[in-house]
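Undergrad: Given chain A, work out where chain B should sit, using these hints.
This is what each chain is made of:
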Amino acid sequence: MKMKKILFIGISLVLVIASCRKRLDDFLFNNVKADQYLLDDYTGRITLEVGSEYDVADSMIHLINIPIQSEGQHLNISALYTGELSRIAVDTVILYCHGTADNIDFYWPRQKLYSNMGGKSRFGVLMVDYPGYGMSEGDPTEQNMYDAVNGALQWLKDNGLTSDRLVIFGFSLGSAPTCEVAGNPTKFTLAPSKMILEAPFASAEKMIQDASILALPSSYFVNVKIDNAEEIKKVNIPLLWIHGESDSFLEIDKHGEIVYNNYQGPSKTAVRVPGGDHEDTPFIMGYSNYLTTLLNFIEQ
Amino acid sequence: MFNQEFVQQIKIHKTLVFIGFFGFITACAPTRFVKPLEHKQHAVTASFGGPVINVPGIATMPIPFTTFGYGYGLTPKTTVYGNFHTTSSVFGVVQFDFGTSHSIWKNENNNKGVSIAPELNFMIDVFEKRASLYPQLDANYYMDYHNKEKDGKSKVNYLYFGLSNWFELRAEGANGTKVQQHIICSPQIGHTFDRGKWNYTLEAKILAPYVSNEKIVVDYKSILGNRGGLGLYFGVNYKL
Numbered sequence: 061m062k063m064k065k066i067l068f069i070g071i072s073l074v075l076v077i078a079s080c081r082k083r084l085d086d087f088l089f090n091n092v093k094a095d096q097y098l099l100d101d102y103t104g105r106i107t108l109e110v111g112s113e114y115d116v117a118d119s120m121i122h123l124i125n126i127p128i129q130s131e132g133q134h135l136n137i138s139a140l141y142t143g144e145l146s147r148i149a150v151d152t153v154i155l156y157c158h159g160t161a162d163n164i165d166f167y168w169p170r171q172k173l174y175s176n177m178g179g180k181s182r183f184g185v186l187m188v189d190y191p192g193y194g195m196s197e198g199d200p201t202e203q204n205m206y207d208a209v210n211g212a213l214q215w216l217k218d219n220g221l222t223s224d225r226l227v228i229f230g231f232s233l234g235s236a237p238t239c240e241v242a243g244n245p246t247k248f249t250l251a252p253s254k255m256i257l258e259a260p261f262a263s264a265e266k267m268i269q270d271a272s273i274l275a276l277p278s279s280y281f282v283n284v285k286i287d288n289a290e291e292i293k294k295v296n297i298p299l300l301w302i303h304g305e306s307d308s309f310l311e312i313d314k315h316g317e318i319v320y321n322n323y324q325g326p327s328k329t330a331v332r333v334p335g336g337d338h339e340d341t342p343f344i345m346g347y348s349n350y351l352t353t354l355l356n357f358i359e360q
Numbered sequence: 003m004f005n006q007e008f009v010q011q012i013k014i015h016k017t018l019v020f021i022g023f024f025g026f027i028t029a030c031a032p033t034r035f036v037k038p039l040e041h042k043q044h045a046v047t048a049s050f051g052g053p054v055i056n057v058p059g060i061a062t063m064p065i066p067f068t069t070f071g072y073g074y075g076l077t078p079k080t081t082v083y084g085n086f087h088t089t090s091s092v093f094g095v096v097q098f099d100f101g102t103s104h105s106i107w108k109n110e111n112n113n114k115g116v117s118i119a120p121e122l123n124f125m126i127d128v129f130e131k132r133a134s135l136y137p138q139l140d141a142n143y144y145m146d147y148h149n150k151e152k153d154g155k156s157k158v159n160y161l162y163f164g165l166s167n168w169f170e171l172r173a174e175g176a177n178g179t180k181v182q183q184h185i186i187c188s189p190q191i192g193h194t195f196d197r198g199k200w201n202y203t204l205e206a207k208i209l210a211p212y213v214s215n216e217k218i219v220v221d222y223k224s225i226l227g228n229r230g231g232l233g234l235y236f237g238v239n240y241k242l
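As you go down the protein sequences, you meet chains A and B in turn. In my numbering, each number is its position in the first sequence, counted from 1, plus 60. In my numbering, each number is its position in the second sequence, counted from 1, plus 2.
Computed from the model, here is a short list of chain B residues facing chain A with C-beta under 8 Å:
| id | residue |
| --- | --- |
| 1 | Ser134 |
| 2 | Val181 |
| 3 | Gln183 |
| 4 | Ile186 |
Label pairs and their computed distance ranges (CB to CB):
| id | chain 1 | residue 1 | chain 2 | residue 2 | range |
| --- | --- | --- | --- | --- | --- |
| 5 | A | Gln133 | B | Ile225 | 45 to 51 Å |
| 6 | A | Lys247 | B | Ile225 | 46 to 52 Å |
| 7 | B | Phe129 | A | Asp224 | 36 to 42 Å |
| 8 | A | Leu123 | B | Arg132 | 42 to 48 Å |
| 9 | B | Ile225 | A | Asn283 | 33 to 39 Å |
| 10 | B | Tyr202 | A | Lys247 | 56 to 62 Å |
| 11 | A | Asn244 | B | Phe129 | 22 to 28 Å |
Just so you know, these hints were derived from the structure itself, not from any lab. It should be emphasised that the depicted structure is a prediction, and the values quoted were computed from it without experimental measurement. In this text, a Cβ means the ideal position worked out from N, Cα and C, and glycines have one as well.
Same shape as in the complex, but just chain A:
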């Protein structure tokens, strides 16, 4: 009788617990929502501190609202464009896909750097907050992150940008939409002419296996299928890859090198930064040197 009771309780426990479906997709997204962007007035943690020489004039800062449809939802996506709006139709534009942390305020110093590359507002720079980040509606998923980036591409196209003048730049998590767009250009509104990856990760599965030691399938933990190391094989535009050799979050050998080595496109440039950690390669390289590297790649 006692055995039957224990068996019954055991089986019930198994069924109840096995019916749970918690997933760890959230591990990719460290989003922070915001009612407004504070930019230079933001007092929270930031990625880099840059001097006043990289200030961007208020007249060059444009907050954009981009409506998208994603996974059956209508979402308003927020993006920040720096530069002359009128020059989108005639000059090169950088679409910057930021990393996993916080929102646009966190990455604002980076946008200021890129806006000062080659001179004040030499290039237009568009940075988009993925759903659930900053003022963008929704909660982040892999698909709506891609849809938000496509919404940004649509906005650029509506303002006159053509594919041959688009450079896409992905940092860390942003390497996922960057590789997705560059590897599958026909699925997106515009096809970039060049791509830049800074501290990319190889795949969600690789990150999981780093942490668990065992070669466990990613489906044990997450639904996301992000696999930059595979997507990069389809890319047919020039690549610039920057990665800190001391990256303590996405180790260069286990992530960046795999992505870089899998690239089979027309030309690739690697910048391995001695002493650079995950986030600080611009600082370690020196902002001027960092921006010159980017500029040379874009203008070559």
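TA: Below, chain B without anything else, positioned relative to chain A:
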């Protein structure tokens, strides 16, 4: 200048979300039956604990892996057992382990001995049905001390120490990378309070002490600094 806290902040967030399951999945339970059960003895078991990580603002604590299982004394020297891993199931991964604990040596006084426990760990997720099988082999030396018998009931304490070994059979990991660790070996030490029908075990493992715990998304705590991790476990058996 560079915000020095950034990478740490990311890791903190990761630690919080990974706490439910990630980490040394190889370290989700203590050794099941260091001493095999008596012949034809039934027992139910439960365990709690895992690798110790720092949860900022809360505590440094073991990941709360839980398992429930059953054991049976098949022969005087061999116990068979199986366990269900409840924490894994919460995440849609059905995980069982099946094994035997076998006494291979005892001294004349029956108060010291060596047991081995070959085991299979099976996992499959309900989403893509990807299955994994990990053989495991634990070996322990135990020694009784301070044994008492009162009112016909025995009270036995024993210490044990040994090795817990997991075997990775896959040759290739994500993105075609070569699997680096095919044997994950963890020294362990434990203590069991055997109180007749109930017994309680506390165990500590040094998880994979030869593997770096740096440059990954989880902050493991280890007594060896930047190598391996520390696992702490509590187990309870109830003899039927």
